[in-house]
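Colleague: What follows is the residue order along each chain.
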Amino acid sequence: MAFLEIEDLHVHYGAIHALKGIHIQVEQGEIVTLIGSNGAGKTTTMNTAAGLLKPSQGKIIFQGEDITRFDAPQVVKRGICLSPEGRQVFPELSVLENLTLGAYLRPPKEREETIAVVYDLFPRIKERMHQPAGTLSGGEQQMLAVGRALMGKPKLLMLDEPSLGLAPIIIQEIFDLIVRINQLGTTILLVEQNAKMALRISHRGYVLETGRIVLSDRAEALLNSEQVRAAYLGG
Amino acid sequence: MNSIYQALAKRQGLVQILLLAAAAVFPLLVSNPYVIRLSILSGIFIILSLSLNLLTGFSGQISLGHIAFYGIGAYTAAILSKNFGLNFLLCMVAAIVVTALFGLLLGLPALKLGGYYLAIVTLGFSEIVRLVEINWMELTNGPLGINGIPKPALFGIKLSSPRAYYYMCLLLVVLTIVVIRNILESRIGYALGTIRGDENAAKFMGVNIFRYKIMAFMVSAGIAGLAGAFFAQYVTFIDPTSFASDQSTLVLIMVIFGGIGSLPGSVIGAVVLTLVPELLRSLMEYRMLIYGVVLVFMMLVRPEGLLGKINFKHIRQRCTAEPPDGKEGS
Chain V
1 MAFLEIEDLH
11 VHYGAIHALK
21 GIHIQVEQGE
31 IVTLIGSNGA
41 GKTTTMNTAA
51 GLLKPSQGKI
61 IFQGEDITRF
71 DAPQVVKRGI
81 CLSPEGRQVF
91 PELSVLENLT
101 LGAYLRPPKE
111 REETIAVVYD
121 LFPRIKERMH
131 QPAGTLSGGE
141 QQMLAVGRAL
151 MGKPKLLMLD
161 EPSLGLAPII
171 IQEIFDLIVR
181 INQLGTTILL
191 VEQNAKMALR
201 ISHRGYVLET
211 GRIVLSDRAE
221 ALLNSEQVRA
231 AYLGG
Chain E
1 MNSIYQALAK
11 RQGLVQILLL
21 AAAAVFPLLV
31 SNPYVIRLSI
41 LSGIFIILSL
51 SLNLLTGFSG
61 QISLGHIAFY
71 GIGAYTAAIL
81 SKNFGLNFLL
91 CMVAAIVVTA
101 LFGLLLGLPA
111 LKLGGYYLAI
121 VTLGFSEIVR
131 LVEINWMELT
141 NGPLGINGIP
151 KPALFGIKLS
161 SPRAYYYMCL
171 LLVVLTIVVI
181 RNILESRIGY
191 ALGTIRGDEN
201 AAKFMGVNIF
211 RYKIMAFMVS
221 AGIAGLAGAF
231 FAQYVTFIDP
241 TSFASDQSTL
251 VLIMVIFGGI
261 GSLPGSVIGA
271 VVLTLVPELL
281 RSLMEYRMLI
291 YGVVLVFMML
301 VRPEGLLGKI
311 NFKHIRQRCT
321 AEPPDGKEGS
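For the record, the sequence lines run as chains V and E.
The opening position of the first sequence corresponds to residue 1 in the working numbering, with each subsequent residue numbered one higher.
The opening position of the second sequence corresponds to residue 1 in the working numbering, with each subsequent residue numbered one higher.
Misleading hints may appear alongside valid ones.
Unchecked claim - Each pair of labels, with its calculated beta carbon distance range:
| hint | chain 1 | residue 1 | chain 2 | residue 2 | range |
| --- | --- | --- | --- | --- | --- |
| 1 | E | F297 | V | V179 | 51 to 57 Å |
| 2 | E | E304 | V | V179 | 39 to 45 Å |
| 3 | E | F297 | V | P107 | 49 to 55 Å |
| 4 | V | V117 | E | L111 | 34 to 40 Å |
| 5 | V | P107 | E | V178 | 24 to 30 Å |
| 6 | E | P109 | V | G14 | 19 to 25 Å |
| 7 | E | V132 | V | P91 | 40 to 46 Å |
| 8 | E | A244 | V | G79 | 49 to 55 Å |
| 9 | V | R69 | E | E127 | 38 to 44 Å |
What the hints assert, rightly or not - Taking lysine-lysine pairs in the DSS-like style, the calculated list, with each CA pair at most 30 Å apart, reads:
| hint | chain 1 | residue 1 | chain 2 | residue 2 |
| --- | --- | --- | --- | --- |
| 10 | V | K109 | V | K153 |
| 11 | E | K112 | V | K54 |
| 12 | E | K309 | E | K10 |
| 13 | V | K126 | V | K77 |
| 14 | V | K126 | V | K155 |
| 15 | E | K313 | V | K109 |
| 16 | V | K155 | V | K59 |
| 17 | E | K313 | V | K153 |
| 18 | E | K112 | V | K20 |
| 19 | V | K59 | E | K112 |
| 20 | V | K109 | V | K155 |
| 21 | V | K153 | V | K59 |
| 22 | E | K82 | E | K158 |
| 23 | V | K77 | E | K112 |
| 24 | V | K59 | V | K77 |
| 25 | V | K155 | V | K20 |
| 26 | V | K54 | V | K20 |
| 27 | E | K82 | E | K151 |
| 28 | E | K10 | V | K126 |
| 29 | V | K20 | V | K77 |
| 30 | V | K109 | E | K10 |
| 31 | V | K126 | E | K313 |
| 32 | E | K112 | E | K309 |
| 33 | V | K59 | V | K20 |
| 34 | V | K126 | E | K309 |
| 35 | V | K155 | V | K196 |
| 36 | V | K54 | V | K77 |
| 37 | V | K196 | V | K20 |
Said to hold, decoys possible - Examples of chain E residues lying across from chain V (beta carbon under 10 Å, computed):
| hint | residue |
| --- | --- |
| 38 | F204 |
| 39 | N311 |
| 40 | K313 |
Please keep in mind that the hints were generated in silico from the structure rather than gathered at the bench.
Cβ coordinates follow ideal geometry from the N, Cα and C atoms, glycine included.
Please work from the sequences and hints to get the whole structure.
Modeller: Dropping the structure here:
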């Protein structure tokens, strides 16, 4: 049994059939990427796994436990944290308060230690810890969003479009950090439009197209696949 | 302006003690009953603004019907003390419990609704409460109101001098501030902040939205009910006109004027907007015009309100964190 197992998942938004029976497996210690164009169902997959959406059919099994019907706080408690698309940091709260909130369900004793780990990964947000999060740059807010998700000490970290709207040099920095977080022992499920960069740091990848998985393979193989090249990597 | 805020933030404890001392000495220096009455009225509006700010400012649940809770509290206290001879302290406790239950009731639709839709529901709720107050003759005596509400007394001593009322009101104001501040500085306060900020993001943090929204409604309603109970026992006569929806708007204006999400702002907003129409009384019918101009001017110059977006805690942390640059500031 895999670390995270998504089996035959169907999700509806009203009459719209957004996910049409997808299968995804993530093994412990991996970085797995979902790529696909707009509307393929990447974010829907993430949000369903995080407990925000309820599937109409199918199962989500995490470490052998069926979490399909869990709501978001229960999922967080099991060790799955999501850094959502578009960052969604709390702009009026300070950086430190945002991080503290990430550890909302953790014992307060651990907090100092986890904050130290996060500051070590992201020294730039440490400098700004008492500033309102809304005053940070886009890249810093993304780092804060990832740091906040790390505060929950996740076993599985889900990152939804961490490169969205960021300058190329910052994107590189974020991807380097994702690799470091993975090396520290966190399994990562990544959703990206920036397919080339995401596949370069991943072990395996899935290609989603209008709610179905059309391809899954080792990341290298996907990078070299004609089909993926033509559709997602710009020739 | 920034340096003023910094100075205030650094000396927060001192400022609070001085303000409290001034409020405590005030009725000993001023004996004019009209001034004392205005101070008590300001105090009641401070409590109402603070409770609405907890709900709307800190938790992001817009309420246009806050005065309904105030009314329910007032009627609960009036009926219990007049018809059942209950002691005034028990009346206040009962008013808190009853209004908190109504808060629970109004909190349930808020779980599904937000923004404008919730505003409409709260407005509807307050109209229903007002209509019940007018039409349920047996309980509320309808438009005639309830008069001769017993004045508070403790161990046979009447607490009905203006000064006694003033100190009682001051005590309730301080109590409200302490309760709300403790809530906001705890985990609950953070949870409420995330609900206001972004409900989905709050869920990713593992915040139980259901529990905290209901709690915000119950606590906020309970505090407004307490203000209502005090009001009933202070004026000894209540009728539905005191709890019409224009009063809800007035409290909301006080919160916005002082600054959404600022406790000191709510206190200042309530005091200023209670006093301005009184100070302008000599201008007769022009006074409400000037009141309106003051509000419009305020919104043009400082749309976030007097102290909106000024977080004294952050300012203080930045002040104390900056000098020993590079060292741990926490």
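Colleague: Work down the list of hints and note, for each, if the structure agrees.
Modeller: Results for each hint:
1. F297(E) to V179(V): 51 to 57 Å: 55 Å, holds
2. E304(E) to V179(V): 39 to 45 Å: At 42 Å between Cβs, range holds.
3. F297(E) to P107(V): 49 to 55 Å: With a Cβ separation near 50 Å, F297(E) and P107(V) satisfy 49 to 55 Å, so the hint holds.
4. V117(V) to L111(E): 34 to 40 Å: 36 Å, holds
5. P107(V) to V178(E): 24 to 30 Å: 27 Å, holds
6. P109(E) to G14(V): 19 to 25 Å: 21 Å, holds
7. V132(E) to P91(V): 40 to 46 Å: Taking Cβ atoms as reference, V132(E) and P91(V) lie about 41 Å apart, which means the hint holds.
8. A244(E) to G79(V): 49 to 55 Å: At 52 Å between Cβs, range holds.
9. R69(V) to E127(E): 38 to 44 Å: At roughly 39 Å between Cβ atoms, E127(E) and R69(V) fall inside 38 to 44 Å, so the hint holds.
10. K109(V) to K153(V): Between K109(V) and K153(V) the Cα gap is close to 13 Å, so the pair holds against 30 Å.
11. K112(E) to K54(V): 16 Å, holds
12. K309(E) to K10(E): 17 Å, holds
13. K126(V) to K77(V): 26 Å, holds
14. K126(V) to K155(V): Answer holds: K126(V) to K155(V) is near 24 Å, not above 30 Å.
15. K313(E) to K109(V): Holds. K313(E) to K109(V) sits at ~22 Å (cutoff 30 Å).
16. K155(V) to K59(V): 19 Å, holds
17. K313(E) to K153(V): 27 Å, holds
18. K112(E) to K20(V): Holds, at about 28 Å.
19. K59(V) to K112(E): 26 Å, holds
20. K109(V) to K155(V): With Cα atoms ~19 Å apart, K109(V) and K155(V) stay inside 30 Å; holds.
21. K153(V) to K59(V): At roughly 24 Å apart (the allowed maximum being 30 Å), K59(V) and K153(V) satisfy the hint.
22. K82(E) to K158(E): Within the cut-off at roughly 16 Å; holds.
23. K77(V) to K112(E): At roughly 24 Å apart (the allowed maximum being 30 Å), K112(E) and K77(V) satisfy the hint.
24. K59(V) to K77(V): 19 Å, holds
25. K155(V) to K20(V): 27 Å, holds
26. K54(V) to K20(V): 14 Å, holds
27. K82(E) to K151(E): 10 Å, holds
28. K10(E) to K126(V): The given pair, whose Cα atoms are some 23 Å apart, holds under the 30 Å limit.
29. K20(V) to K77(V): With a Cα-Cα distance of about 28 Å, the restraint between K20(V) and K77(V) holds, given a limit of 30 Å.
30. K109(V) to K10(E): Between K109(V) and K10(E) the Cα gap is close to 28 Å, so the pair holds against 30 Å.
31. K126(V) to K313(E): Satisfied, since the Cα-Cα distance of roughly 18 Å is no more than 30 Å.
32. K112(E) to K309(E): Given pair K112(E), K309(E) holds - Cα atoms ~28 Å apart, limit 30 Å.
33. K59(V) to K20(V): It holds: about 13 Å lies between the C-alpha atoms, which stays within 30 Å.
34. K126(V) to K309(E): 22 Å, holds
35. K155(V) to K196(V): Roughly 25 Å separates the two Cα atoms, so the pair holds.
36. K54(V) to K77(V): Holds: K54(V) and K77(V) sit about 18 Å apart, inside 30 Å.
37. K196(V) to K20(V): Satisfied, since the Cα-Cα distance of roughly 25 Å is no more than 30 Å.
38. F204: 5 Å, holds
39. N311: Interface hint status for N311(E): holds (7 Å vs cutoff 10 Å).
40. K313: Holds: closest Cβ of chain V sits about 8 Å from K313(E), inside 10 Å.
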